[in-house]
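A.B. asks: Read off the chains here:
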Amino acid sequence: MIDRIALVAARELRAERRQPDGVVAAVTFIAVLVLLESLVVGPQIARDADVASALFWLALAFATILATMRSFDRELEDDALEGLVALPGGRDALFGGKVLSLAVVLVLVAAIGGLLSLVLLDLPVALPLHLLVVVLLGVVALPPIVVVDVVLALRLRARAALVPILALPVLVPQLVAATRGTSAALTGDALGALSWAGLLFAFAVVYTVVGLTIVPAAIE
Amino acid sequence: MIETTIPRGTPLPRIRPWLGIAAAASFVVASAMALFWAPTDAVQGDVYRILYVHVPLAWLAYLAFVVVLLASVAWLWTKRPFFDAVAVASAEIGVLFTGLFLVAGSIWAKPTWGVWWTWEPRLVTTAIMFVMYVGYLLLRGLSTDFSRRATRAAVFGIVAVIDVPIVHLSVLWANSLHQLPTVLRIAGSPALDTPMLVTLMVSLGAYTLVYAYFMSARVSLELARQGRLWTRT
Numbered sequence: 088m089i090d091r092i093a094l095v096a097a098r099e100l101r102a103e104r105r106q107p108d109g110v111v112a113a114v115t116f117i118a119v120l121v122l123l124e125s126l127v128v129g130p131q132i133a134r135d136a137d138v139a140s141a142l143f144w145l146a147l148a149f150a151t152i153l154a155t156m157r158s159f160d161r162e163l164e165d166d167a168l169e170g171l172v173a174l175p176g177g178r179d180a181l182f183g184g185k186v187l188s189l190a191v192v193l194v195l196v197a198a199i200g201g202l203l204s205l206v207l208l209d210l211p212v213a214l215p216l217h218l219l220v221v222v223l224l225g226v227v228a229l230p231p232i233v234v235v236d237v238v239l240a241l242r243l244r245a246r247a248a249l250v251p252i253l254a255l256p257v258l259v260p261q262l263v264a265a266t267r268g269t270s271a272a273l274t275g276d277a278l279g280a281l282s283w284a285g286l287l288f289a290f291a292v293v294y295t296v297v298g299l300t301i302v303p304a305a306i307e
Numbered sequence: 004m005i006e007t008t009i010p011r012g013t014p015l016p017r018i019r020p021w022l023g024i025a026a027a028a029s030f031v032v033a034s035a036m037a038l039f040w041a042p043t044d045a046v047q048g049d050v051y052r053i054l055y056v057h058v059p060l061a062w063l064a065y066l067a068f069v070v071v072l073l074a075s076v077a078w079l080w081t082k083r084p085f086f087d088a089v090a091v092a093s094a095e096i097g098v099l100f101t102g103l104f105l106v107a108g109s110i111w112a113k114p115t116w117g118v119w120w121t122w123e124p125r126l127v128t129t130a131i132m133f134v135m136y137v138g139y140l141l142l143r144g145l146s147t148d149f150s151r152r153a154t155r156a157a158v159f160g161i162v163a164v165i166d167v168p169i170v171h172l173s174v175l176w177a178n179s180l181h182q183l184p185t186v187l188r189i190a191g192s193p194a195l196d197t198p199m200l201v202t203l204m205v206s207l208g209a210y211t212l213v214y215a216y217f218m219s220a221r222v223s224l225e226l227a228r229q230g231r232l233w234t235r236t
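From first to last, the protein sequence lines stand for chains V and L. The numbering used here puts the first residue of the first sequence at 88, with every later residue one more than the last. The numbering used here puts the first residue of the second sequence at 4, with every later residue one more than the last.
A portion of the hints provided could be inaccurate.
Counterexamples of contact, computed for chain V against chain L with all Cβ distances above 10 Å [claimed, not checked]:
(1) M88
(2) A102
(3) L123
Examples of chain L residues lying across from chain V (beta carbon under 8 Å, computed) [claimed, not checked]:
(4) I131
(5) G138
(6) S219
(7) S223
Just so you know, these hints were derived from the structure itself, not from any lab. The C-beta atom is built at its ideal place from N, Cα and C for all residues, glycine as well.
Based on the sequences and whatever the hints tell you, model everything.
C.D. replies: So this is what it looks like as structure tokens:
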């Protein structure tokens, strides 16, 4: 099973490298959102640790949706989904591989978006290692839910509107934990940052297991 | 072959009129007890009586979405359309009761907190739960193929139920303006006067009967609709 998941993830990343429109769209999107949100609320408010963290994670949640939808669009355009699903264990591998490859892509998107936020807003970082842990676990906690919702909305009309409606309410606990954890790391609250990071890890594990259990039934 | 009628032996149509009478009678008794028999609260006065509507609505919202979960698991397991009918019926009723739960809470909040709405964990998580199940109904509405629609909705019904414990426990996890649980408390017995507790229990029973009545009617309608769809195709 792990071999098949790794195989699908490697295939995804290869496709992303050859045709990086998903990564480019997600990075551009997060950059535009970070700039726009900071302009809208004003630099003084945007520099607040809570506000900066919230804006960053909201932007990353939307970027995750965008990257996931692009990834599945590529499958549909190439008629590759049917072949993949027909393979033994293909459905589990599809879910696991997509989650894994999206997490890798999101690390890149989060790194660029995060650096932009830190530089543009001139944010002081009290605990850089804690911040790294929170961001990495937050990035791992987002894809399972988004992949589930994109699979559910596959081939439906109004899919672009439906996926955020389905995904964002379910992502609220992850977004709250990631925002609070990031804010704690920025302001020097080590225990707070690690507690929220632990919660993010728990959400990542729970939703990955739930996804691996029930998503294969939803892939047709 | 897909079975679209009510499973043989299901007493749903026969008991529905009796369920309706029991629901209406118990609703009248519960309302009378809430308005005239339960004592006035020492702090909030008569305003607190909305508790006998607000708490049963919250209970029904939780119950409805847990039924969606169970019916969703049953559909994925057995592929019997009866369970999909139960899931959609319970989701629709759950959305209705969650909406009423929010409205009743808002009406209670104005005289006690001074505002119709505040960004407080219980209120926000409840509103999110409401939006989540509206999304569930939207997902169903956009799918045309019966089997795919039921499967997609079942998967989302399982994922979404995680918000139910979050709503209930949010008052314990975060600094909350909302009062802590008074009946299902982790430590100790219910923090309510006996007549108040009895009235609340009667109200919970009455509202549960109303839910059961709505469910029996909506499930029958859904099964009839499924039957028509299969006849056409």
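A.B. asks: The structure should be examined with respect to each hint, and the outcome stated for every one.
C.D. replies: Outcome of the hint check:
Its beta-carbon lying about 20 Å from the closest one in chain L, M88(V) satisfies the requirement of being farther than 10 Å from that chain. With a cut of 10 Å on Cβ distances, A102(V) stays outside the contact zone with chain L, its closest approach being about 25 Å. Every beta carbon of chain L lies more than 10 Å from that of L123(V), the smallest distance being close to 23 Å; the non-interface claim holds. For I131(L), the suggested interface contact is upheld, since its CB lies about 5 Å from the closest CB of chain V, less than 8 Å.
Because the closest C-beta pair between G138(L) and chain V is about 5 Å apart, less than 8 Å, the hint holds. Look at S219(L): its Cβ only gets to about 28 Å from chain V, farther than 8 Å, so that hint breaks. The beta carbon of S223(L) is not positioned within 8 Å of any beta carbon in chain V (closest approach about 27 Å), and the interface hint is therefore violated.
The structure fails to meet hints 6, 7 from the earlier list, while all remaining hints are met.
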